[in-house]
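Chains as they are written, first to last, in this note's numbering: chain G, 1 to 768; chain S, 769 to 1064; chain X, 1065 to 1222.
Hints are computed from structural coordinates only; laboratory data are not their basis.
Every value quoted in this text rests on a predicted model; they were computed, and no experiment measured them.
Treat the hints with care, as some may be off.
Unchecked claim - Here are the in silico distance ranges between beta carbons for each label pair:
hint : chain 1 : residue 1 : chain 2 : residue 2 : range
1    : G       : ASP147    : S       : VAL927    : 42 to 48 Å
2    : G       : GLU768    : S       : VAL927    : 32 to 38 Å
3    : S       : GLU809    : G       : ASP147    : 27 to 33 Å
4    : S       : ASN1062   : G       : ASP147    : 36 to 42 Å
5    : S       : PRO991    : G       : GLU158    : 40 to 46 Å
6    : X       : PRO1184   : S       : ASN1062   : 18 to 24 Å
7    : X       : ASN1183   : G       : ILE16     : 24 to 30 Å
To be verified - Below 27 Å or equal to it, Euclidean Cα-Cα: the simulated DSS-like pairs (lysine-lysine) are:
hint : chain 1 : residue 1 : chain 2 : residue 2
8    : G       : LYS95     : G       : LYS171
9    : X       : LYS1067   : S       : LYS822
10   : X       : LYS1067   : G       : LYS61
11   : G       : LYS560    : G       : LYS547
12   : G       : LYS168    : G       : LYS106
13   : S       : LYS847    : X       : LYS1067
14   : G       : LYS282    : G       : LYS55
15   : G       : LYS765    : G       : LYS394
16   : G       : LYS765    : G       : LYS641
17   : S       : LYS822    : X       : LYS1136
18   : G       : LYS641    : G       : LYS746
19   : X       : LYS1182   : S       : LYS847
20   : S       : LYS822    : X       : LYS1221
21   : G       : LYS765    : G       : LYS309
22   : G       : LYS311    : G       : LYS409
23   : S       : LYS790    : X       : LYS1067
24   : G       : LYS9      : G       : LYS547
Unchecked claim - A few chain S residues that face chain X, going by a derived Cβ cut-off under 8 Å, partial list only:
hint : residue
25   : MET769
26   : PHE772
27   : ASP773
28   : VAL805
29   : ARG808
30   : VAL817
31   : THR828
32   : TYR846
33   : ILE854
34   : GLY870
35   : GLN872
36   : ILE873
37   : GLY875
38   : ARG876
39   : GLU958
40   : GLN1011
Just so it is clear, CB atoms sit at the ideal spot from N, CA and C, and this is done for glycine as well.
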Amino acid sequence: MAEATAEYKVIGTRPIRPDGADKVTGRAVYGGDMRLTGMLHGKVLRSPHAHARIKAINTAKAEALPGVKAVITVKDFPIAEDRMANLGEMAVNVKLLSNNVMAADKALYKGHPVAAVAATSAHIAEEALGLIEVEYEVLPPALHVLDAMKETAPLLHESMTTTELGQKTEKHSNIASHLRFVLGDPAQGFRDADIVIEREFETATVHQGYIEPHNATALWNEDGHLYIWTSTQGAFVVQRQAAEILGLPVSQVSVTPCEIGGGFGGKISVYLEPVAAVLSRKAGRPVKIIMSRIEEFEATGPTPASHIKVKMGAKKDGSIVAAEASLMYEAGAFPGSPVGAGCMCIFSPYAIPNMQVDGYDVVVNKPKTAAYRAPGATNAAFASETVVDELAEKLGLDPLEIRRINGAKEGDRRVDGPTFPRIGYMETVHAALEHEHYATPLNGPNRGRGVASGFWFNVGFQSSVVINVNADGTVALVEGSTDIGGTRASIAMQAAETLGIPYEDVRPTVVGTDGIGFTDVTGGSRTTFATGYAAHEAALDVLRQMKERLARRWDGEMEKEFEGQAEREMARIAPDDVTYTNGVFKCAKDASKTMTFKEIAAQMARMGGPITGRATSQPRGVGGAFATHIVDVEVDPDTGKVTILRYTAIQDVGRAIHPSYAEGQVQGGVVQGIGWALNEEFVYNDNGNMVNSSFLDYRMPTTLDLPMIDTVLVEVPNPGHPYGVRGVGEVPIVPPVAAVANAIYKATGKRMTQAPMSPGYVLSKLLE
Amino acid sequence: MQAFDYVAAQTVDEAVSLLAAKGAQARVLAGGTDLIVQLREGRRRLELVVDVKKIPEVSTLSYDSNNGLQLGAAVPCYKIYGDATIARAYPGLMDAFTLVGGTQIQGRASVGGNLCNSSPAADTTPTLIAHRATCVIAGPAGRREIPVEQFCTGPGRNVLGNGEFLVALRFPAPPQNFGAHYLRFIPRNEMDIAVVGVGSSVVLGADRATVTAARIALGAVAPTPLLVDEAAEALIGKPISDQTIAQAAAAAQAAARPISDMRGTIEQRRHLTGVLTRRTLQGAIARARGERVNHA
Amino acid sequence: MPKVHVQTRINGEDIDFLCESRQSLLEVLRDDLGLTGTKEGCSNGNCGACSVLLDGVLVDSCLVLAVETAGKEVSTIEGLASPSKLHPLQQKFLEHAALQCGICTPGFIMAAQALLAKNPTPTEHEVRYWLAGNLCRCTGYDKIVRAVLDAATVMEKA
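All chains, full assembly: derive it from the sequences and hints.
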């Protein structure tokens, strides 16, 4: 499989991405750019209340407005079934998914869709929304995870009961589930510890902040076939979810993925597609809906606010002997926060013999949470990595040293059960210890340096790839992974490497559900890994077919006379006798017989017809990802404002197929983490209305808020992938919040237990 | 967005009569960076938008060292700090004019528009006050001029009556040994609305060690920008010292009447008022002494 | 309300269109003129994805009414490359991998073009200051800043 010292022709280089010219000229078609003949514009009417019963909806005036072609409510949708289906990265309850797309009897968050309009212009559609009359019975909202967990809290779902450690109970509560992982004997572990630290942390709701709003264009044809164009991380997920919600067979739904302007996990579940579809059927015309930025904040899928308790015990020698955590995550209006993932990741950088992690998935009257880059892990790492830092300080150990002592290695067990295969955490710690950043003293008042580590397990899931050989020796590679960050290039590079042809000779295309086999989302740090794997296998399939053809021809060309069957068999040229190196096929049994890739391509029609290589993958050997980050900050003691002076992100990437895009994933995740650390949060008033639903007051970092982000790509090849790939995209967002908190501590002497560490919060700690 | 009519007025009189005819259903359009957002979000509903950018007096600026600066109300920020002579003459104004949003906003947004939007947190108003600017207003009854500190009457409200609009702002030429500085506190480094803003100006005596005049104006800590006379009194007639500056800062803090909202708490705003008053006074004094102080 | 007839110039060509007064320049470019290279991110002037040049000045097209462009020159991303070659900024963005999803890229390139026209040799700080009105969520800005500085060097030599 993969070797650390293998030399590659294509892998590791930095070619221009194939969709590059389209994107820098503005020509690439994103979902919002879609245009179809007769297309109408749709808008969604949303609940102004965080929690309310919907008593009646009167759409007559809206329907009468000139230019309005259709008005819909939940009555226009099939009744959703209360059952689980595998519809994306996680299993999903169809009824709840459908209810989120269009409210049934209750509005469960401000922004919850209650009706929708299609009209000849977006302005008219907006005017029509103002003419829809909705009668609400306003109910008190449950707005904070701790409040929602109380016995006295208003219940969002009257029929929901808590699933307690895997068992459904009769207890009606906003706690959807309580899960627990245990390893060893934590009680004994804490008794054995020389020092125990116990802390509580709060994090706020945070949004993925992709610059492109959600969009969907739907055409529900007269023949019953539904076409959808959308900016999505997974066309097949949209296909399945739309089919389930609309009561259609999957074969009647075709989804074309447009280019996508960022997703980070937030563009997986459907919001607009079924609404656009139902409007289209009613109006008899295509309908496009684009969300406004306010709708993005109020009615898509942010990541949970959380309350986390962490307790860790260590011995004087620095070994961590026990760890406990309680993670309470806000799921939003429907169950399904990533609390489980948070539990799996929280202590995973360390080999701790005794651990217990409890997770609580709690519904609140806020939008249903969705995945955001290593979902659940950043909140958890903020808590655990701050406590590890405090342990190091109290034990008199350098913070990287305590990580070196306790770092997880191959064979160590995670609290949720699996043991680690070959991983690269220790390599990131060593790289940090040896890095020039760490060796450079940080001088000056009010300055501090912090470190933190993080883990994300990554996923494999399913991908399909087809490679069609062209007569001139170039190939067309067909895949279904939407290209959010350069994966057309990284997948084409793997195919080129395996095929032994130049990168420029591989032309990748991303197609929709009609054009390729099932392919899971571009997410989960899986695309370069799993779709690349399938591309590699499809390339091997091409080579296999070529070898078969050459064996047949070369065997058939033999003019020698044989004395009997046995001798004939000895001389037979089989596919195994054909070798392939550097673009040239050779016959092992006859050195005079060679043919190049280009030559065999040119003769396809005479040698059996077109050559199409295909493969599907569901790789098991997913490599987990580890990162260790170093950050220097300066804190203005008069204002509490934190400036990032320097940032180094060290990560084990397995093998960087295209190092620029691997670096880009790290830098992007780091900066999202910095925003999470310093300023990003949803601010709600007491009625459950978000008051900062704009990029003005939801403050993401700008160019002026950051230095360059230095990256170190450590390569510990993943044995589970032909080129050693580990997923890269998610773990970079895991350490930054904790790293910044630890740096602020060094600069100010104050421990941060709340994120974001905005100037107001830091100032309040300084003035304590 | 509600449908509205658009007219580009060619003269002041035309603008006045259009505005007077429609009353609250009409509003002036300069840079549009506040108005268009308000219309789009349904926070304002209008029948008529009167674009004043074609009126010469409203769209031009002129300066000379005797008469000072005459700034058309619709002149976009980039044109003001892009004028090297004006930028050199009024660094304390440029502190604010370079801060209004990012580059794209500064390509359109105007100081007059910022003032007429009358947000308590407007970045330009405190420094306009510190520079003794006056508002030139045109209306059905003719023209009038009022000091900037009297212009805003509450959040989003000002003294403009029916048919009136702001034509220009007038700034006296800076006297000898004058210095001014504006600073605001924001959580990021650009793009944010001020949590607190302070514009300070001083005039020093010939010895450049005593303060003969001072103006300290606060933004985002009251329903309108505040001119704090008590802060000035702590400085005037006295030699400059850390103590007098601290007294001025304390007076500014005492005058501040902030609220807690999503951008800041009362305690934070009061604390920052003191910090920024001190820092802007130090900057103003340095400039009065001929030292260079960079924009934030 | 009847539509307004606007005569303007876009990317060097005389263009006229009908629009409602309430339509922004961004809406007209994208919905009526088929120039979808300029993107919509927030519609309130906080992300810069809709950046264009209006008489050479960098603005957010979501905050310009289409009627205001009468008699003016509008430059959009579509006007940057020549038929056979990308502009150095576009080329450098590709070489430096300064785009991942690409949605902010047209806005950044227009903003960078405006910067380099005014200041052909900016420092890193000047680049960051000028581009603070353009949000990117994918790249963390590092490679964008490097691409702009590199393009400045190339364009300066030319």
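Hint by hint, work out which the structure violates, then give me just those numbers in ascending order. Failing hints, ascending: 2, 4, 13, 20, 31, 33, 40.
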